[in-house]
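Visitor: Residue strings, one per chain:
There are 2 protein chains.
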Amino acid sequence: MAITNFLYDMREVKFVLKEWLDMEKLFSLPAYRDYYGVDDVDPIVDTTFKIARDILGPIAKDTDQIGARFIDGQVVTPDSFKKAMATINEAGLGASNADREVEGHLPYTIYLANLEILAADNLSIIAYWGLSSGAISVIQQHGSEYLKQKFLPKLISGEWGGTMNLTEAGAGSDVGANVTKAFPTETPGVYKIKGNKIFITTGDNDTVENIVHMVLARVEGARDGVAGLSLFIVPKYWVEDDGSPGNFNDVICTGVEEKMGVHGQPTCSLSYGENNECYGYLIGDPPDEKGRAQGIAQMFTMMNEERLITSFQGLSSSSEAFLQARDYAKQRIQGTKTTDPKGPKVRIIEHEDIRRMLMVQKATTEAMRALIMKTCYYLDLAHDSEDPEERRFAEGMFQISNPMCKAYATDQAWLLIRDAIQTFGGYGVCTEYEVESLARDVKVSSIWEGTNYVQSLDLIGRKFTMEKGQVYKNWITDISTFIENNKNKAGFEKEFEIMSEALADFQGIMQQLQKYGQEGKNQMLPLFATRMLDAASQLYCGRLILDQGLLAAGKLQELGDYHYDAKFYRGKVASASFYVKNVVSQIGFVRKVFEIGDTSAIDMDEECFG
Amino acid sequence: MAITNFLYDMREVKFVLKEWLDMEKLFSLPAYRDYYGVDDVDPIVDTTFKIARDILGPIAKDTDQIGARFIDGQVVTPDSFKKAMATINEAGLGASNADREVEGHLPYTIYLANLEILAADNLSIIAYWGLSSGAISVIQQHGSEYLKQKFLPKLISGEWGGTMNLTEAGAGSDVGANVTKAFPTETPGVYKIKGNKIFITTGDNDTVENIVHMVLARVEGARDGVAGLSLFIVPKYWVEDDGSPGNFNDVICTGVEEKMGVHGQPTCSLSYGENNECYGYLIGDPPDEKGRAQGIAQMFTMMNEERLITSFQGLSSSSEAFLQARDYAKQRIQGTKTTDPKGPKVRIIEHEDIRRMLMVQKATTEAMRALIMKTCYYLDLAHDSEDPEERRFAEGMFQISNPMCKAYATDQAWLLIRDAIQTFGGYGVCTEYEVESLARDVKVSSIWEGTNYVQSLDLIGRKFTMEKGQVYKNWITDISTFIENNKNKAGFEKEFEIMSEALADFQGIMQQLQKYGQEGKNQMLPLFATRMLDAASQLYCGRLILDQGLLAAGKLQELGDYHYDAKFYRGKVASASFYVKNVVSQIGFVRKVFEIGDTSAIDMDEECFG
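Protein chains in written order, with my numbering: chain A, -13 to 596; chain B, -13 to 596.
Hint data in this document are derived by calculation from the structure and do not stem from the laboratory.
Glycine is no exception: its CB is placed at the ideal position from the N, C-alpha and C atoms.
Mixed in with the good hints, there may be bad ones.
Claimed, not checked - Stretches of chain A that chain B covers, calculated by requiring three or more beta carbons in the stretch to come under 8 Å of a beta carbon on chain B:
1. 154 to 161
2. 238 to 251
As the list claims (entries may be wrong) - In silico DSSO-like pairs for lysine-lysine, Cα to Cα no more than 27 Å straight-line:
3. A:K507 - B:K323
4. A:K475 - B:K578
5. A:K167 - A:K134
6. A:K501 - B:K323
So that you can see chain A by itself, here it is in the shape it has in the complex:
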């Protein structure tokens, strides 16, 4: 539903942006010369918070209960959406941030911190500019000057929207099975498009004047599979060279899915060229003489960014659910303390199990945020550092972290929001308290933009082997060096002992994988990949949240326990400790199960499933 009574922990957001990440370093880069430094952070994120609370909060009920409807072949959004989108665009929080070439553009780190806040209040609406933002990146990086001039200004201003068109009814995770076709016309670079796609988020809607679809299609004669796919810009309305809108481009919305959540997002089926009048602009070059095309690589520009945005869906919803549960637990009176059973009735936050659930939520969302924001930071360095070695290192860290961000955050969200619902007791499933809507809204995030299994294959099969394993080595070194440098820090001995064990266990998992490989047991990787991604994420999250814990402990020492801000730092130290002791400590279990190596799931005949 999104949340009417929006809460957000801005202290935590600012800790990440102003204290933990080295943002001064980013702001000192030429790309960000228009900024003073971290002092710029407060006004930006505070404005975002206010817009989330005051503009997106009030449309929460419209988002869930009215939603985006399919009426007479068109998608109609609630009127309140159009007004909200206008404010988002005016405030510069929309797709304009995807413009990496304009003076004064925000680092990803800040842009996505803003997105986190907005998504926490309304997961549906962020797709309207989140996908435009991906389209802008693709056109900016791969489009000709002609295409840039034609499409970028109105995408950036938010007058037009962008979408991402991969999935077909017979081609979901298997993108290579796409059958949408493109036929050259007499105009170079312009192709006739024919085919159908499904699951196109915001594939039609009335919040924008025109929609710019980024469509994967196969040029006649190109090879089969992903390598033969090209990427096309297919506008809903053709665009004349003077920028004025031309004819309807024969992109028909044939239906909108009814979903369990994100009702404010139309999930459209699109048909291109039903009347043979659909045209698209090819991005980049036509397929080469071997039929190899550039589309999938171009689409990955967009996909990588969308994956990172998807990770924020998991983070934002979990975080909002936690804060709603926390506030409820502070008010709701029920039962007595276990340590004083005859004493007065207390608020449920005084019960041990409520504390456990709140702490799981607090610590895990903070660990997820550490992972995701660090990944944004690496993405910025990879783009904007002046040192090529640093760019390369950061690019590797981004590549290895991105699938963890996407899969870990969206998988955890289902569990964390469950704990928030449970904290509310019976009210947790009542729509009045809205927390149930976060579970409904977030579920799809483990599926789209590459299922979490696809992420795990990407991590273990592709990212861990990038640059002959150098990227993996850098990542492991980052963790082991951190442990080595800090293992004797007073008060954190147990945490580092667990981290050392967990690192050894994770390396044990990788050795076991190698062993299985040598034995020709190649199915062990896909069979255990999701669990390995989980273990990798927990290990890395442990390293990052513990880094935050050390920083917080230092601040505490500096400020003393009576400083007004001390409670935040104590909470941070507790989060680090809790996460390492209760979560990271289980990586050994994944190792154990992997070494047991049960293959009954794949050995069993299919018919034995009944």
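Knowing the structure of chain A, use the given hints to seat chain B on it.
Guide: Structure of chain B alone, referenced to chain A:
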């Protein structure tokens, strides 16, 4: 939503009822002398399956999309509900089964196996007779002859419905905080009732002529807390002594909650005596001179049964979700095999990760079913065995298993249905495929009838200490004897090695608990109780599913691999193996975390949560 295209694994249900549980023993008891024996099972459960498929399936969409509506102060159900309820009653699948005194009544084991099948198709509708069934039990066990004659016949026939009225706005898990009052009248046994309750499932509805509310209230002068609560029969319409319906009894439905799921179940707020004209019959005796009343013990007759029924909600939904996912995976073509990447496109059931998810679902639902059906079996023995020692043993096993059934099955359901949704890919969140509705419907089951935390306190704090720990000892002996007797069974060596380790780990957890107790760390129990219940359930489920696996392995040896039924038994062996190796193996992790004993969640100041 419930499921239009209903599937159920009747082979598995019959394995449990006809091969695994010793039903011949039950049927040979005097209470069941009207039955021939296990040959009676097939016609009963086959009829139930047909009614689920043909009567409940077609009303699935009405259940979710129309649901129970609150119109002009009354709850209105879809017309199709009334017809379905009539069929359920005619077929003898309704509340009539709660009548334990009638000749030819079903054992709980069969009655609840039927309920599993019906619940799998429509979780909403089973509440309509599930709660009546609890009311019947209470009246039959604790009511006077007068009350029995007045209320039982029409509750049993299904003409009237029963409900369970505990929760008040200020008294959820803390039942003792109830403030609904009862005042004696001039008629002995009749009290004036005044108060309000919330979350009363089917608290008002038009499927029955009258509603018999079982209401907890405090007689003027009774003591505070649960010990002072009495239980009253408060009909919606007063019942004259000739059985004819009298006046409206001033029980007003003041509202119906909007919920994420089970839309077919009205969750009502009730007001008693707003016009001072609400009367109820006291069950049993008035509070004694010390103000102690009998209500809570009587309510627990109902509550224990409702907890067991709730466990079926978790089991049924998970099982249905699995079967829907399995059938989808068998049809949906996507991608190539990892072992033949250039080969033909295959159905997704040929992918390792889909196999893993299906196997998690298959094995865990079977383990849950083993646990729950064994518990039903013990409940029957506890009631009907002729041997008092056996009754006592069985009662203990029922008492210890019931909170595990309730909490483990409903917690797992959220995870298992998630895996079913994930198997469907993007379609998993679309209402068209209905699997998403199972997640929405099942969520509340971890909360109502005692939250899963309450179950864990019941297990560790109460059940494990019953009869000075004898019940716990019996339960542990059951597991250790099973391991001892079978640990050398060929083909199961690894499984029993893991079981032995898991048993030792579980006992280690209990020793650690004792140690914490000796150190005065009494908050460790509530802080870790939910994890301990999980570990206990996994251990016991491992013991039971492995028992099934051994039985299946024996059958396989007997029938040979080419017998038409061999695939079922191979599937069962695989489930046992998978569950032990992938799930039971993690009990050591709970021990490890408990020994680390992190208390940051309770040590931290509340204000550190932000």
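Visitor: Next step is simple, just say for each hint if it's right about the structure.
Guide: Results for each hint:
1. Counting residues of the region 154 to 161 of chain A whose beta carbon lies closer than 8 Å to any beta carbon of chain B gives 5, which reaches the threshold of three, so the coverage claim holds.
2. Coverage of a stretch by a chain is defined here by at least three residues with a beta carbon nearer than 8 Å to that chain's beta carbons; for the region 238 to 251 of chain A and chain B the count is 5, and the condition holds.
3. With a C-alpha separation of about 14 Å, the suggested pair K507 (chain A) and K323 (chain B) falls inside the 27 Å cut-off, and the hint holds.
4. A hinted pair counts as satisfied when its Cα atoms are at most 27 Å apart, and K475 (chain A) with K578 (chain B) qualifies at roughly 23 Å.
5. Restraint check: the Cα-Cα separation between K167 (chain A) and K134 (chain A) comes to about 24 Å, which is no more than 27 Å; the hinted pair holds.
6. About 22 Å separates the Cα atoms of K501 (chain A) and K323 (chain B), which keeps this hinted pair within 27 Å; it holds.
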